[in-house]
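**Student:** This is what each chain is made of:
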Amino acid sequence: MHNVVSRDEIAPSVVRMVVEAPAVASKRLPGQFVVVRPLEVSERIPLTIVDSEPASGTITLIVQVVGATTRELTSIQPGENILDVVGPLGRPTHIEKFGRVVSIGGGVGTAVAFPIAKGMKEAGNEVWGVIGGRSRDFVILEDEMRSLCDRLVVTTDDGSYGVKGFVTDALRRLIEETSGAIDLVLAVGPLPMMKAVSALTREHGIHTVVSLNPIMVDGTGMCGGCRVEVGGEIKFACVDGPEFDAHLVDFDNLAKRLRAYHDMEQQADHQCKIGLATRNKQ
Amino acid sequence: MAKQERFKRTPMPERAPEERRNDFMEVPLGYSTELAVAEASRCLQCKNSPCVAGCPVEIDIPGFIKLIRDGDPVAAARHIKLTNTLPAICGRVCPQETQCEAVCVLAKKGAPIAIGNLERFAASMEAAAGVETPPAAEPNGHKVAVVGSGPAGLTCAGELARRGYDVTIYEAFHVPGGVLVYGIPEFRLPKDEVVAAEVDFLRKLGVRFVLNTVIGRTVTIDELFDRGVEAVFVGSGAGAPMFLDIPGENAIGVYSANEYLTRTNLMKAYRFPKFRTPIARGKRVAVIGGGNVAMDSARTALRLGADTVLLLYRRSEKELPARLAEIHHAREEGVEFHLLVSPTRILEDAEGRVTAIECQKMELGEPDDSGRRRPVPIDGAFETFDVDLIVVAIGNRPNPLIPQTTDGLKISRWGTIEVDDKFRTSRQGIFAGGDIVTGAATVIEAMGAGRTAARSIDEYVNDPEHLWK
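Note that the protein sequences, when read in sequence, are chains A and B. Quick note on the numbering used here: the first sequence kicks off at 1 and runs consecutively. Quick note on the numbering used here: the second sequence kicks off at 1 and runs consecutively.
A few of these clues could be false.
Mimicking EDC-like on lysine to aspartate or glutamate, the simulated pairs with C-alpha atoms at most 20 Å apart in a straight line are [claimed, not checked]:
(1) B:Lys204 to B:Glu132
(2) A:Lys27 to B:Asp222
(3) A:Lys235 to B:Glu249
(4) B:Lys283 to A:Glu96
(5) A:Lys121 to A:Glu96
(6) B:Lys410 to B:Asp421
(7) B:Lys274 to A:Asp240
(8) A:Lys27 to A:Asp263
(9) B:Lys274 to A:Glu96
Taking beta-carbon pairs under 7 Å as the criterion, some of the chain B residues facing chain A (in silico) [to be verified]:
(10) Gln45
(11) Cys46
(12) Thr168
(13) Ala172
(14) Val214
(15) Arg217
(16) Ala240
(17) Pro241
(18) Asn250
(19) Glu259
(20) Pro273
(21) Arg276
(22) Thr277
These aren't lab readings, by the way, just hints derived from the structure by calculation. Even for Gly, the Cβ is constructed at its ideal location relative to N, Cα and C.
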């Protein structure tokens, strides 16, 4: 049982939760994730660890409500418990002093980009941030990113805040401005965004890393459900990743596999909304 | 006893195939006392007892059968437990026909004694009577950690607890039992009635279970030593599924057996949507492989509503590695066996969903290293099966997490942990057994390893320098 310390909605259907998980908090490195099972009936879902505080034994999770299990998770209130939190899982981000690093977060992907950017900054890199959302309400962690990035560009698709356009447009301008003097690009967000970023940086020969979030069950290499094609080989995102060289990832295959349960997810979420799940006992 | 009766096995009552293939309840119903006594009375009580030598943990088989014959099945269960702590499990899942029953003297002229059925009967009778917890052993003050709560880990922990050790089992999942819970289906091994009961028994012996903890990630083995553990047993299993490495394998609707069975058994996807984990419900399902896991997957597919389940295996009937009972049950339930075919390509529609699997037809050639005749392609002969779901059950590699995160462990080129005859690894104080050492094998072999390793751990803790000279 993992007590929820705080819970706040930071964007429409996006909830930040601080959760007690001392064993995870003391071990966790940037880029790693946990597998969470909120209630007895829930799925096991992978969530990036946004931040951790070993002293208080807490981790921060940011959850976008997309189906039954995320709905169940985000309905757990401060003082109540999450049933299972397992981790930290996955390989940590490869962090060293690269030089100039551009960290890109699209929508809720910023929750994954932020801890990686933080780790890069602590390693002495010059970190530029590019974060975006559909509209102003969907831009998350702006203050957090601004406080650690040497430079931050915010974009919105509709121009309601920051620069109008996609994060890819902002990245293109940064590449032009620096004549490609960027040592590493980290991109996390919706698949079309990561694919577009990857295509752009490939043109300019800039090494690019993406963090993938395929469907997982166990998170320990046991089921192979999270397999992705990287450089023509099958890799398991849970143990070989979740971060991979963007230029080697088969994004189309991943997009296809993410749709596997689309109809069933709608069905489970409907069942969830009519309220069959029970709360965890205190 | 009349001669014919002596050579005829007492069949175990089972649920009818057309009924059982629609649900997840157990298939065999178990012997009544009358049937068990009749079967036990067939035993010749051989002095040299070849069956005992045929058992990886050397259960005194004639001894427990005699107790059943004499009307004391509870004593029979306790007698088995002197050498095998999990009779309810072994009675159900051991490949008796290649072990104890294979060498039964009666097998020469008729049917061997149904040793597995009798073992299961004894365990059920003991459970019904209420399993007595043995008196707690005097704590000896030594701490041991066990990694993984599958058959190897459970057995090792049980042995050590009986000797007074302070034992903690670390399990990555939220339920203890390892493959007994995520892998073997409910219809073959009931989870609450059998597996949870065995876990409870270990708890009563004083074994602690720490769940949701991935050794190598949440805690490393070195950190366990830092916390005062004197020895570690690694029974982390064969966790990483193998794939066919053929085109189309990443289409939607291609599962590893591990994923298919874990979704169903551990996450209860068969009770979707009350349980939220989804699973694709194929109408025409192909299962690739011929072992117990393939049979479990095929029979699970039927229970998830498939109209047709095809089992595709690249060798012939004779080479099928599954238990005879599983092959028999699968056939009875309507699984279609297509032998001597080897998948070459998976076809998918525009949305990336599986539509068919193309196979190369094979014939048997010369025996290979395993002694089985090697399947050889028949030039130009292919067969395509229309299917909407594929389950790949061709085996597992050891999970690399512990080897990767533990310095100094000697690993074989197959990724297994190397041990000697005492189950010692290359690192002082670390022992290993089960599938992480052998690659995919049987429950009873893992239990045998856990048991022998427990003895070595006992020997080591009492004289640490001696065992690692």
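**Student:** If a hint holds in the structure, say so; if it does not, say that too.
**Tutor:** Structure-based check of all given hints:
1. Between Lys204 of chain B and Glu132 of chain B the alpha-carbon distance is near 10 Å, which keeps this suggested pair within the 20 Å criterion.
2. Between Lys27 of chain A and Asp222 of chain B, the direct Cα distance comes to roughly 14 Å. Compliance with the 20 Å bound is thereby established for this hinted pair.
3. Our distance criterion of 20 Å between C-alpha atoms is met by Lys235 of chain A and Glu249 of chain B, whose separation comes to about 13 Å.
4. Using a Cα cut-off of 20 Å, the hinted pair Lys283 of chain B and Glu96 of chain A is violated, with the two alpha carbons roughly 51 Å apart.
5. In summary, the hint linking Lys121 of chain A to Glu96 of chain A is supported, as the alpha carbons are separated by about 10 Å, within the 20 Å threshold.
6. Among the hinted pairs, Lys410 of chain B with Asp421 of chain B is consistent with the structure: their alpha-carbon atoms are about 15 Å apart, no more than 20 Å.
7. This hinted pair does not check out: Lys274 of chain B and Asp240 of chain A have alpha carbons roughly 32 Å apart, beyond 20 Å.
8. Taken as a hint, the Lys27 of chain A and Asp263 of chain A pair is broken in the structure, with Cα atoms around 37 Å apart against an allowance of 20 Å.
9. Taken as a hint, the Lys274 of chain B and Glu96 of chain A pair is broken in the structure, with Cα atoms around 46 Å apart against an allowance of 20 Å.
10. The beta carbon of Gln45 of chain B is not positioned within 7 Å of any beta carbon in chain A (closest approach about 45 Å), and the interface hint is therefore violated.
11. Hint status for Cys46 of chain B: violated, given a least beta-carbon distance of 43 Å to chain A, over 7 Å.
12. For Thr168 of chain B, the shortest C-beta to C-beta distance to chain A is roughly 14 Å, which exceeds 7 Å, and the interface hint is violated.
13. Checking Ala172 of chain B against chain A by beta carbon gives a least distance of about 5 Å; that is within 7 Å, so the hint holds.
14. Nearest Cβ of chain A to the Cβ of Val214 of chain B: about 6 Å, under the 7 Å cut. The hint holds.
15. At a threshold of 7 Å, the smallest CB-CB gap from Arg217 of chain B to chain A is about 6 Å, leaving the interface hint in force.
16. Given hint, Ala240 of chain B at the interface with chain A, holds; its Cβ is 5 Å from that chain's nearest Cβ, closer than 7 Å.
17. The interface hint given for Pro241 of chain B holds, since its Cβ lies 4 Å from the closest Cβ of chain A, which is under the 7 Å cut-off.
18. The interface hint given for Asn250 of chain B holds, since its Cβ lies 5 Å from the closest Cβ of chain A, which is under the 7 Å cut-off.
19. Given the 7 Å rule on beta carbons, the hint for Glu259 of chain B holds: about 4 Å separates it from the nearest Cβ of chain A.
20. For Pro273 of chain B, the interface hint holds, since its Cβ comes within 7 Å of a Cβ in chain A; the closest pair sits about 4 Å apart.
21. For Arg276 of chain B, the interface hint holds, since its Cβ comes within 7 Å of a Cβ in chain A; the closest pair sits about 5 Å apart.
22. The beta carbon of Thr277 of chain B is positioned within 7 Å of a beta carbon in chain A (closest approach about 5 Å), and the interface hint is therefore held.
Violation of the numbered hints given earlier is confined to hints 4, 7, 8, 9, 10, 11, 12; the remaining hints are satisfied by the structure.
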